[in-house]
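Undergrad: These are the residues of each chain, in order.
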Amino acid sequence: MAAFIAPALILFLLFVIVPVLFAAYTSFFDWNGLGGIPTDFVGLENFQALIADEVFLGDLWRIGLITMLSVAVQLPMAFGLAMLLHQRFPGRTAFRLLFFVPYILTEAVTAVLFGLIFSPRRGFADAVLAGLGFDGRVGWLSDRGLVLFVIFGILTWKFFGFHMILYLAGRQNIPEELYEAARVDGATSKQLFRHITLPLMGPTIRITVFLSVIGTVQLFDLVYVLTKGGPYHASETLAITMYDQGFVRNQIGYASALSIAMFLISLLFALIYQRYVLSRDLQGSLTSTDGGRS
Amino acid sequence: MSVDTGRARLLRNTGFYIAAFLATGFVATPILFALLGGFKDNQQLRENALGLPNPWHVEHYVDVLANATFWRQLGNSVFIALATTFIVVAAAAAVAYVFARFQFKGREGLFTLFAAGMMFPFAVAVLPLFIILRTFEMLNSPLGVILPQAAFGLPLTIIILRSFFRQIPGEVEEAATIDGAGPWRFFIQILLPMSRPVIATVSVLALVGSWNSYLLPLVVLSKPTWQTLPLGVTQFQGEYSTETAKVLAFVMLAMLPALIFYAFAERHLISGLTSGGTKGLAVRRQTGPEVMGRLRACRPSRPGTGSPVGLPRREPSSGPRRPKRHATQTPHRTRRGGGPRRERVHFATC
Amino acid sequence: MRNPLQRPRALLAAGAAAALALTAAACGDSGESDADVTFWHIQNEDPMKSTWAAMADEWSEEAGLTVETSAIAVEDFKTRLSTQTQAGDLPDLYNTWGGGVLAEQVEAGLVRDISGLECLDKVNPITLEAYTIDGKVYAIPFDQGVVGFWYNKDLFAEAGITAPPTTWSEFTAAVQQLKDAGVTPIALGAADKWPVHYYWTYLSMRLVGLEGLQAAGEAGEFSDPGFTEAGRLMAELAAMEPFQEGFESATYGDVDGQAATMGEGIAAMELMGQWAPQVQRDASGTEGPGDALGFFPFPAVEGGPGVTTEFLGGGGGFAAGAGAPDEIEDFMCYLLEEENQARAVQDGNFSTVAANPEEVLPEPTPEQQMVVEAMATATGTQLYLDQAYPPAIGSTINEASEGLVLGEITPEEFVTMVNEAWADEQ
Numbered sequence: 007m008a009a010f011i012a013p014a015l016i017l018f019l020l021f022v023i024v025p026v027l028f029a030a031y032t033s034f035f036d037w038n039g040l041g042g043i044p045t046d047f048v049g050l051e052n053f054q055a056l057i058a059d060e061v062f063l064g065d066l067w068r069i070g071l072i073t074m075l076s077v078a079v080q081l082p083m084a085f086g087l088a089m090l091l092h093q094r095f096p097g098r099t100a101f102r103l104l105f106f107v108p109y110i111l112t113e114a115v116t117a118v119l120f121g122l123i124f125s126p127r128r129g130f131a132d133a134v135l136a137g138l139g140f141d142g143r144v145g146w147l148s149d150r151g152l153v154l155f156v157i158f159g160i161l162t163w164k165f166f167g168f169h170m171i172l173y174l175a176g177r178q179n180i181p182e183e184l185y186e187a188a189r190v191d192g193a194t195s196k197q198l199f200r201h202i203t204l205p206l207m208g209p210t211i212r213i214t215v216f217l218s219v220i221g222t223v224q225l226f227d228l229v230y231v232l233t234k235g236g237p238y239h240a241s242e243t244l245a246i247t248m249y250d251q252g253f254v255r256n257q258i259g260y261a262s263a264l265s266i267a268m269f270l271i272s273l274l275f276a277l278i279y280q281r282y283v284l285s286r287d288l289q290g291s292l293t294s295t296d297g298g299r300s
Numbered sequence: 004m005s006v007d008t009g010r011a012r013l014l015r016n017t018g019f020y021i022a023a024f025l026a027t028g029f030v031a032t033p034i035l036f037a038l039l040g041g042f043k044d045n046q047q048l049r050e051n052a053l054g055l056p057n058p059w060h061v062e063h064y065v066d067v068l069a070n071a072t073f074w075r076q077l078g079n080s081v082f083i084a085l086a087t088t089f090i091v092v093a094a095a096a097a098v099a100y101v102f103a104r105f106q107f108k109g110r111e112g113l114f115t116l117f118a119a120g121m122m123f124p125f126a127v128a129v130l131p132l133f134i135i136l137r138t139f140e141m142l143n144s145p146l147g148v149i150l151p152q153a154a155f156g157l158p159l160t161i162i163i164l165r166s167f168f169r170q171i172p173g174e175v176e177e178a179a180t181i182d183g184a185g186p187w188r189f190f191i192q193i194l195l196p197m198s199r200p201v202i203a204t205v206s207v208l209a210l211v212g213s214w215n216s217y218l219l220p221l222v223v224l225s226k227p228t229w230q231t232l233p234l235g236v237t238q239f240q241g242e243y244s245t246e247t248a249k250v251l252a253f254v255m256l257a258m259l260p261a262l263i264f265y266a267f268a269e270r271h272l273i274s275g276l277t278s279g280g281t282k283g284l285a286v287r288r289q290t291g292p293e294v295m296g297r298l299r300a301c302r303p304s305r306p307g308t309g310s311p312v313g314l315p316r317r318e319p320s321s322g323p324r325r326p327k328r329h330a331t332q333t334p335h336r337t338r339r340g341g342g343p344r345r346e347r348v349h350f351a352t353c
Numbered sequence: 192m193r194n195p196l197q198r199p200r201a202l203l204a205a206g207a208a209a210a211l212a213l214t215a216a217a218c219g220d221s222g223e224s225d226a227d228v229t230f231w232h233i234q235n236e237d238p239m240k241s242t243w244a245a246m247a248d249e250w251s252e253e254a255g256l257t258v259e260t261s262a263i264a265v266e267d268f269k270t271r272l273s274t275q276t277q278a279g280d281l282p283d284l285y286n287t288w289g290g291g292v293l294a295e296q297v298e299a300g301l302v303r304d305i306s307g308l309e310c311l312d313k314v315n316p317i318t319l320e321a322y323t324i325d326g327k328v329y330a331i332p333f334d335q336g337v338v339g340f341w342y343n344k345d346l347f348a349e350a351g352i353t354a355p356p357t358t359w360s361e362f363t364a365a366v367q368q369l370k371d372a373g374v375t376p377i378a379l380g381a382a383d384k385w386p387v388h389y390y391w392t393y394l395s396m397r398l399v400g401l402e403g404l405q406a407a408g409e410a411g412e413f414s415d416p417g418f419t420e421a422g423r424l425m426a427e428l429a430a431m432e433p434f435q436e437g438f439e440s441a442t443y444g445d446v447d448g449q450a451a452t453m454g455e456g457i458a459a460m461e462l463m464g465q466w467a468p469q470v471q472r473d474a475s476g477t478e479g480p481g482d483a484l485g486f487f488p489f490p491a492v493e494g495g496p497g498v499t500t501e502f503l504g505g506g507g508g509f510a511a512g513a514g515a516p517d518e519i520e521d522f523m524c525y526l527l528e529e530e531n532q533a534r535a536v537q538d539g540n541f542s543t544v545a546a547n548p549e550e551v552l553p554e555p556t557p558e559q560q561m562v563v564e565a566m567a568t569a570t571g572t573q574l575y576l577d578q579a580y581p582p583a584i585g586s587t588i589n590e591a592s593e594g595l596v597l598g599e600i601t602p603e604e605f606v607t608m609v610n611e612a613w614a615d616e617q
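Protein chains in written order, with our numbering: chain X, 7 to 300; chain V, 4 to 353; chain Z, 192 to 617.
Pulled out of the complex, with its shape left as it was, chain X reads as follows:
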């Protein structure tokens, strides 16, 4: 049995647990990353500074906003399209293929592509607007009130296909007999949706929300390559702040505290979500509408 566990465990301990413990340890030090190991113990000072850090608080607000938008816009859109693509109609496979393309596109590539699309002078987006008869340029990435929504749009573009596939799988797991039986009993399509589709899709919906939140907390590549978090923190994420502190300013202790905070936020969310929303259907819901039923 040990032989089954050992490879994964060694891999996991060495490349996940040890680095994370190291980060946890350094979060209690004031350390610029130089000179071997941290020595200047400061206790919880880094964490205290964090709570007062406006950029950090702004990050929390921004990831909260993106999460809410994802749940309110991106996931329903993915859900609707999954329901649509569950129907049989000519060209269905082509659509399914197309909608998943952005997901397999590298984030860095996506960022480069959209950087060109939203470029201020040669931007394709402005050209499209002009072609539609709207005049004037939009500060897609330069308008501090707009940039986060533009990034949300790009995230939707990139990730809705992934959620759609999960929904599609969840929907295909619902036996058609249920619908047939209900129809025989005279149920309307609205009732079918409310009493069969929605409840049976519940576990899948809940897991996608979970994945969406965890993904947002860790958002980095796309935003970093596209805006570096700017202008002036307007699109900054937790991971970018951490990167900036750790790799640009050499404030490794503070950056570690931030990364531990990110972990705690994810964990806290997971705990609450687990307790009140997921309860027992989390495990297996990726592959099964049946969830963790024994």
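For the record, the hints were derived by calculation from the structure and aren't laboratory data.
Among the clues, some could well be false.
Lysine-lysine pairs mimicking BS3-like chemistry, simulated, CA-CA at most 25 Å apart [unchecked claim]: (1) 269/Z / 327/Z; (2) 240/Z / 344/Z; (3) 269/Z / 240/Z; (4) 234/X / 370/Z; (5) 226/V / 344/Z; (6) 344/Z / 370/Z; (7) 327/Z / 313/Z; (8) 226/V / 269/Z.
Here are a few chain Z residues that sit away from chain X, every Cβ distance over 12 Å (derived from the structure) [stated by the list, open to error]: (9) 277; (10) 323; (11) 325; (12) 364; (13) 410; (14) 420; (15) 438; (16) 441; (17) 448; (18) 481; (19) 499; (20) 500; (21) 529.
This structure is a prediction, so every number in the text was calculated from the model and none was measured.
In this text, a Cβ means the ideal position worked out from N, Cα and C, and glycines have one as well.
Fit chains V and Z to the known structure of chain X by using the hints.
TA: Then chains V and Z, alone, in the frame of chain X:
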């Protein structure tokens, strides 16, 4: 509202197409911009952003394709992605098998540890990872990217695989044991082949994850020898910042391999996600209560614990969220590939 | 659907085989490098990219050592170097801007002391200042120049401006004139932050004086009211909206960035270092303003002690990692041979660091001439603040400069932010 009248269907179909085409426009426009932009020159990009290229410039694509760096980075990306996938799936399958089918002290604690890995932001680990990799002399080596990626891919893979393995009835294992198969043989000759669809699913997820990885290769691979496509894109953009069309051609060509791969894998991904889940359902649905009872009895006992976050699970209760599935369910429906014998059904759909 | 997964399985099997084969190969190939000397520079565009590579190859052949040259884009370079620094192992020869960043590396014992290098007499001693820490030299320079306003004479003429401004009020008047003439007065890449901090630094130099700024840097506190005043003037300038549309998300060197905006003749001026004309051409893909390009020093501010001959400046150099083989000194001297300095100056369009510029640069281009002349008049220089100070301070100044120009923070908050960063550092 009747769904089956001709007009309703026509309306519905029209609605489908409108919605599908709106979504298509949303998804396809940026891709088309890149595809066509690669055939324009800079002047066309500025003055004719919307139209078709006129004349068509193929030289940007040709230049990229003739660029040895592009091919090397492509090869590196493919190799690193395949190796990562293989390692993460193999290691996760083995440990998920133990988690799903063996009972031992500390099992849930260990599972929780793995599952909590999903919550660790990768960026947190980059610096300590760098130091570890240097200690093992794995900088500038593909292993320095592959192993950490595989390690960070473990949590999700283990969670998915475990929940799938748990749904395979104990009878199968019992039969194998009677035939004299030990755990290894059961694992390799029976469990893994039965799990192909779900293995396809986790493989696709791992491949995509590796393919997209940016930060880790950035800090680990400072030599061009092993650099991957995501690094190549930003470098290429830096080097040819003025030649937008060339950058677009590079972007397009860099996405092509993943696209081709997905076109092949799509079928398996969906079938893996669906049939993966259906498997457990199929068995349960198609077996009467008495069989289910027997299955439960003969299966290694499965304490009701475990979740991706590894928190103590609430005891199962028939809460209102549970859909009333059994009430409406026809007990003996035949599934695709289903044979006359119930147990067979299971194997046939694997 | 009996065997739906034949292909993926075959793929996986192939992957496994390849993984095993390469694991073996990779283990042999791993580690820092198999080359004797690793050389990291940031000139990732030709012709200079090839020129460094050629010099490395030539020396490699002569010395019988292998050199591995990496041309890395500047932002990637900073990331990589930062990880390398923290891991305690720098490349054998790498790009540096000197100042506080280099000092941190020196303090950690990661940089080779090259004070004894004989060939250092081939460069102008002034150019070594940024790389001298506690009296010891840690890098050789290859480029040295000053920051000032590069302006488009044609656009100035169009707006009826006859002579470049020499005082701040003339400058703001010129900005207004340009705006009235429908010309974008200033190109700025605010997303990169560092181009913005030149403005604040220069205003501080003019209002507090070079000595005052240096004293504040040593004390680690910006207490002089002149620093707040500098922020106020900068905010006033920003309030005139002199920058190109979308400057908030523009970078310095990318498409539609600061340099490209100048290169395409859209904006009338930019505050930038000696490399500006070259990047204007590279980033815009044009010939740039050509003969219309002029240079004037940052204007004096009325009432401030600073004068226009005090320059903000700096350049590029190469430092050697502590773990480099001794032959690295040969390589450094090879790069400093007059002939090679000349090649670099020509291909990289650098500003020469030579002790005898005539030997290296007999016929400077008009742009190079402008920088040389400005440097000849210099009565004092200050290294870019984001390099002169420790990274945490420099980054804070960059960040605050961006915030000030975007109106996100006040001049008072600017000073508070920087002072807090200083306080944290001590």
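Undergrad: None of the hints should be skipped; say for each whether it holds.
TA: We went through each hint and held it up to the structure:
1. 269/Z / 327/Z: OK: residue 269/Z and residue 327/Z at ~24 Å, within 25 Å.
2. 240/Z / 344/Z: Distance ~31 Å between residue 240/Z and residue 344/Z Cα, so the pair is violated.
3. 269/Z / 240/Z: Holds, because 18 Å separates the two Cα atoms, which is no more than 25 Å.
4. 234/X / 370/Z: Violated, because 30 Å separates the two Cα atoms, which is more than 25 Å.
5. 226/V / 344/Z: This hinted pair is violated, its Cα atoms lying about 44 Å apart.
6. 344/Z / 370/Z: 15 Å, holds
7. 327/Z / 313/Z: Holds, at roughly 17 Å.
8. 226/V / 269/Z: The given pair, whose Cα atoms are some 15 Å apart, holds under the 25 Å limit.
9. 277: For residue 277/Z, whose nearest Cβ neighbour in chain X is about 4 Å away, the distance does not exceed 12 Å, so it is violated.
10. 323: 20 Å, holds
11. 325: 17 Å, holds
12. 364: 27 Å, holds
13. 410: It holds; residue 410/Z is separated from chain X by about 20 Å at its closest Cβ, greater than 12 Å.
14. 420: 22 Å, holds
15. 438: 7 Å, violated
16. 441: At about 6 Å from chain X, residue 441/Z fails to clear the 12 Å cut-off, so the statement is violated.
17. 448: 9 Å, violated
18. 481: 21 Å, holds
19. 499: Since the minimum Cβ distance to chain X is about 30 Å, residue 499/Z lies beyond 12 Å and the statement holds.
20. 500: It holds; residue 500/Z is separated from chain X by about 33 Å at its closest Cβ, greater than 12 Å.
21. 529: Its Cβ never comes within 12 Å of chain X, the nearest being 37 Å, so this holds.
The structure fails to meet hints 2, 4, 5, 9, 15, 16, 17 from the earlier list, while all remaining hints are met.
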